[in-house]
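Participant: Read off the chains here:
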Amino acid sequence: MRGGSNLMERDGERIEITISSRFENIELVQVIAEHLCENAGMDEDGSHWIGMAVREAVANAIKHGNKLDVKKKVNATFELHGHELAITISDEGTGFDPEKVSDPLNPQNLMKTSGRGIFYMRTFMDQIRYSFEAGGGTSLVMTKNLAKGTGIASGKA
Amino acid sequence: MKATTRDVNDIAIIKVDGKITIGAGDQQLRDVIAGASSKKILLDLSGVTTIDSSGIGELVGSYTTVTNKGGKLKLLHLPAKLNELLHVTQLITVFEVYENEQEAINSF
Chain Z
1 MRGGSNLMER
11 DGERIEITIS
21 SRFENIELVQ
31 VIAEHLCENA
41 GMDEDGSHWI
51 GMAVREAVAN
61 AIKHGNKLDV
71 KKKVNATFEL
81 HGHELAITIS
91 DEGTGFDPEK
101 VSDPLNPQNL
111 MKTSGRGIFY
121 MRTFMDQIRY
131 SFEAGGGTSL
141 VMTKNLAKGT
151 GIASGKA
Chain A
1001 MKATTRDVND
1011 IAIIKVDGKI
1021 TIGAGDQQLR
1031 DVIAGASSKK
1041 ILLDLSGVTT
1051 IDSSGIGELV
1061 GSYTTVTNKG
1071 GKLKLLHLPA
1081 KLNELLHVTQ
1091 LITVFEVYEN
1101 EQEAINSF
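Which chain is which? The protein sequence lines are Z and A, in order.
Reminder that position 31 of the first sequence reads as 31 in the numbering used here, one-by-one numbering, no gaps.
Numbers given in the numbering used here equal positions in the second sequence, counted from 1, plus 1000.
Chain A on its own, in the form it takes in the complex (with noise of 0.2 Å):
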């Protein structure tokens, strides 16, 4: 997994490339988004290639540490198969996703 971050206004704004499963970004994924230098945190998804349930597993995680420590964290460019494995646990259900970054940008 890699990790590019770009600060838009207030806002990181963190691409995520490569695979996010067991052993291999899962806890990556984490750090990164616990660094991250803003409260209000875009994960932009779309270069992911592969996700497992641990995967799945830091995500909702992250939500959870940013949410409680007063943050935000939304999705952008779901990739198709990501977004069949958020709908069939409900998890699409938690957490805001957008196709286009300039609402999403304005959505915080």
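Chain Z extracted, bound-state conformation (with noise of 0.2 Å):
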């Protein structure tokens, strides 16, 4: 942290942005993340670990939400509370249940070459909570406290 003055002064901060279910769209997401964090006086590498969790929730809409459906939207919100930062990410997919993603620490699964991104965003926010509407459209809801510091730096991992 560069210092908690900026946090303050970011208060009630919210910043929402829509994108096509493009990959190359996934980056634009990732840098506003990144640059609010630096903004809110978060350090460079908890910035990075924030705008990588924000990147690869991104790319799980594009890909497992939408379905590389270009017609289809990915909306993320970012909103500072105080310390607290929360970032949803919604697409419009059918939703999967949280609990049947396997654990990419088992040893069984240690060189499957995909599933690991519910894991990285684990590791570098302080929590993450999906939701699914009935009809339809997915949500993931990211916190994190920027006052505590950065995900594996701190020693969470």
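These are computed hints drawn from the structure, not numbers from a lab.
Please note: incorrect hints may appear among the correct ones.
[As the list claims (entries may be wrong)] Each computed DSS-like pair below joins lysine-lysine, with the alpha-carbon atoms no more than 30 Å apart:
1) Z:Lys112 x Z:Lys63
2) A:Lys1069 x Z:Lys112
3) A:Lys1019 x Z:Lys73
4) Z:Lys73 x Z:Lys63
5) A:Lys1074 x Z:Lys112
6) Z:Lys67 x A:Lys1019
7) A:Lys1069 x A:Lys1039
8) Z:Lys63 x A:Lys1002
9) A:Lys1074 x Z:Lys67
10) A:Lys1002 x Z:Lys112
11) A:Lys1081 x Z:Lys148
12) A:Lys1019 x Z:Lys71
13) A:Lys1081 x Z:Lys100
14) Z:Lys67 x A:Lys1081
15) A:Lys1081 x Z:Lys112
Please assemble the complex out of the two chains, which come individually in their own frames, going by the hints.
Facilitator: Spelled out as structure tokens, the structure:
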């Protein structure tokens, strides 16, 4: 952290972006996350890891949620309340059962070529929570207390 | 992603620059490794600017492909953030990682 004053100045900040389901749009959302965190006083590493969680969330929304249908949208909302950053990533997919996502640290999954995205999000954020709408649509809310420091650098991993 | 290959002895040293991310380099990495001139591959990752879970998955897949063909895939010059991503997923225990090129070459 570069100091807490910026955080207070940015209390109530809200940024929203909607993208079509193209992989090249992922970085747009990642960059917004990183800049917002840096502007709020987070150090470069901490901002990078939050950006990484956002990258993974948006990639999943495009690939697994919207199944690469460019007509379907992914919405990202960033809200800063005090030290708490809440990021919501929504897609138009039919959802999935988060309980059935396999643990990439399990030795039998270690050499799998996929299945690490949600693990990285959990590692770099304080909390992640999925919700699914009956008529379709998946929302992921990820939160991070910016005053607590960064994900893996804080000894979480 | 850009890959440059040079051969030292019978080892293909592949230097990767840029992004290894979903839709931008992940598939490319697989192709470059599949087409390598040797089964002994040293992957220099010093120029990797961004990697995501898809890129990590491709590293794992490439390692398996090379190993199943009786070859060896080793890593050289891991950027700090890539090193951390391999650590948290415990993949660092899978790969042989070197900081010194000559030492890496001698290890094959």
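Participant: Tell me, which hint numbers fail for this structure?
Facilitator: The structure conflicts with hint 9 only, although it agrees with all the remaining ones.
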